[in-house]
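*Asks:* One-letter residues, chain by chain:
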Amino acid sequence: MKGFWRAFARNRGAVLGLLLLLLVIATGLLAPVLFPFSPWDMRGVPFMPPGEMGFLLGSDSLGRDVAAGIAHGATVSLMVGAVSTVAALAIGVSLGALAGYMGGRVDDAVMRFTEFFQTIPSFVFAVVLVAIFTPSLASIVVAIAVVSWPPVTRVVRAEFLSLRTREFVQAAEVLGRSRTAIVFREILPNALSPIIVLASLMVATAILLESSLSFLGLGDPNMMSWGFLIGSGRSVIRLAWWMSVFPGIAIFITVLALNLVGEGLNDALNPRLARQR
Amino acid sequence: MSGAGLIGFLARRAGKSVVVILAIVVLNFMLIRLAPGDPALVIAGQSGAADEQFVAQLRAQFGLDRPVPEQLWIYVSGVLTGDLGMSHRQQRTVASLILERLPATLLLTGAAFLLAIVAGVAMGAWAARRVGRWGDTIITVLALTFYATPLFWVGLMLVLLFSVQLEWLPSFGMETVGANLTGFAAVADTAKYLLLPAVTLGLFYMAIYARLTRASMLEVADQDFVKTARAKGVPEARVQRAHVLRNALLPVITFAGIQAGQLIGGSILVETVFAWPGIGRLAFDALLQRDYQLLLGVFLCTSIMVIVFNLITDLLYAAVDPRVEVGG
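Order-wise, the sequence lines are chains A and Y. Following the numbering used here, the numbering of the first sequence begins with 351 at its first residue and continues without gaps. Following the numbering used here, the numbering of the second sequence begins with 145 at its first residue and continues without gaps.
These aren't lab readings, by the way, just hints derived from the structure by calculation. In this text, a Cβ means the ideal position worked out from N, Cα and C, and glycines have one as well. One should not assume that every hint holds.
A few chain Y residues facing chain A, derived, Cβ under 7 Å [as the list claims (entries may be wrong)]:
#1 170
#2 175
#3 292
#4 294
#5 304
#6 401
#7 405
#8 439
#9 443
#10 447
#11 456
#12 459
Quick partial rundown of chain A residues pointing at chain Y, CB under 7 Å, derived from the structure [said to hold, decoys possible]:
#13 403
#14 429
#15 433
#16 466
#17 473
#18 562
#19 598
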């Protein structure tokens, strides 16, 4: 653990990313304290520039507080990012493990299926899914998971293919352990590091996807989100630049932080590769 | 490359593409069936604007009173003969709406892709010659930045800077309304409108291609055939161009093919920001009006675009790679 932390901290960008990420999480957690009202509440005069009338980051076309929207939106973005990544990992890891462990025809079939999902334009597919199943937190999470699992399957399959023939797996087979035990107790723990790195990048992509969906008006109507804020600022950008600028910066910081953390994890978990660079 | 090999390759790829397209049509059918509520109402749009007669007509068209396999057959055979259904809101066929908007999208994505690949490869090649210096660092930072910035937000910021503040470029549409320009003036007019959306869509890929080109040029430059070329006395400029760059382009082309779907998906966002009259904007309007038949038509169309684009990148790969013949 100590060695892991030292390797992670050697990458300065990763440490910066971790700090930024903690800042975003703290903002989301403290939102009910910092802004103890609903982000949908009208708090004053519409279109107030940042800093005026107590609006730190200005007010929107209905006099709502942009800063409150961003703070409350942090929780939504992070939650959607995390939950949809977990769901995508569940699909991707099971299919990848199945293909890599079984091999042969099963592998063939799973890879065809994966290839098909990689061919269809993922963002358009996500838009169609959310639109048809009506926008809600659940449909957004499902849509993001459905379009983001294929890379996981590829990575897990490759790991399983190479680990399956190793001695410790063969030993477990000879000892008569069940398939489930071999897959979950022997192989999967050894395939974890690329999955963890991929997962951190997937959270970032999921947050971008969620913001794009809610920018198009496909967000959960009961949830304040960064994409929604930018979408509502789009038509009045000549009048109120702050409505679209600040939520965009929030997305940028969060996604950048996650990408930096992902690189740091990669360096720490695959030290051999990191040194080569 | 030999002609017969090329035709065989194309035939095999076309066969595979047809299977994928068929699968997407079936997926569309399943989406309509899986959607909550009456499929006819889903197709008509759920906001209650659909009249009884239209819903009844849709039921007949999709054969909703018949068994599911028969419904699937009716739907698939309809789509394969070019019948993508009617857009109730616009009172026109989905196919005609999409065909009308397609050229604008092809222009936008084509321009963005060209910009990304030309500028990206140039920047990457430039950075590879200056490893570890500031130019190199800038490209890495740019790539990281664009990777973390939502596409639609980049578009809005460009509008804010170049249309609102500087008033250099128009912020929406495709041509000056009522100007009735012809010839070169019309082209110049469209180019002015195209610039911001194409840059928005292209910037991210430009950064990616620059990084890829840089990495793969550094890798290729160490290989034996490059040393051999130098030892033979080939001039350095030609070594860089014909030996290093040509081989370094291969991973870039592969990657461009993989990202085709993202590029085309991104055009929905960019067209929405800039009111560019392509199929992305059409999809956005379909969303607002809950016009699902139109939305599914756009989905099918963009999928076909990705498949065609992949085919083009495969051919390009074969044209650039001195070793590969497409037949193999």
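*Asks:* The structure should be examined with respect to each hint, and the outcome stated for every one.
*Replies:* To see whether the hints hold, each was checked on the structure:
1. 170: Nearest chain A Cβ about 11 Å off; hint violated.
2. 175: holds, 5 Å
3. 292: holds, 4 Å
4. 294: Residue 294 of chain Y check passes; min Cβ-Cβ to chain A is 5 Å, inside 7 Å.
5. 304: With a closest approach of 6 Å, the residue 304 of chain Y hint holds.
6. 401: Because about 10 Å separates residue 401 of chain Y from the closest Cβ in chain A, which is outside the 7 Å limit, the hint is violated.
7. 405: At 4 Å from the nearest chain A Cβ, residue 405 of chain Y passes the 7 Å test, so the hint holds.
8. 439: holds, 6 Å
9. 443: Since the shortest Cβ distance to chain A is 5 Å, the answer is holds.
10. 447: Constraint on residue 447 of chain Y satisfied, holds at 5 Å.
11. 456: This interface hint is violated because 14 Å lies over the 7 Å limit.
12. 459: This hint is violated: residue 459 of chain Y lies away from chain A, its Cβ roughly 17 Å from the closest one there, beyond 7 Å.
13. 403: violated, 23 Å
14. 429: violated, 18 Å
15. 433: Violated: closest Cβ of chain Y sits about 20 Å from residue 433 of chain A, beyond 7 Å.
16. 466: With Cβ-Cβ at 6 Å, under 7 Å, it holds.
17. 473: holds, 3 Å
18. 562: Because about 6 Å separates residue 562 of chain A from the closest Cβ in chain Y, which is inside the 7 Å limit, the hint holds.
19. 598: Status holds, d = 4 Å.
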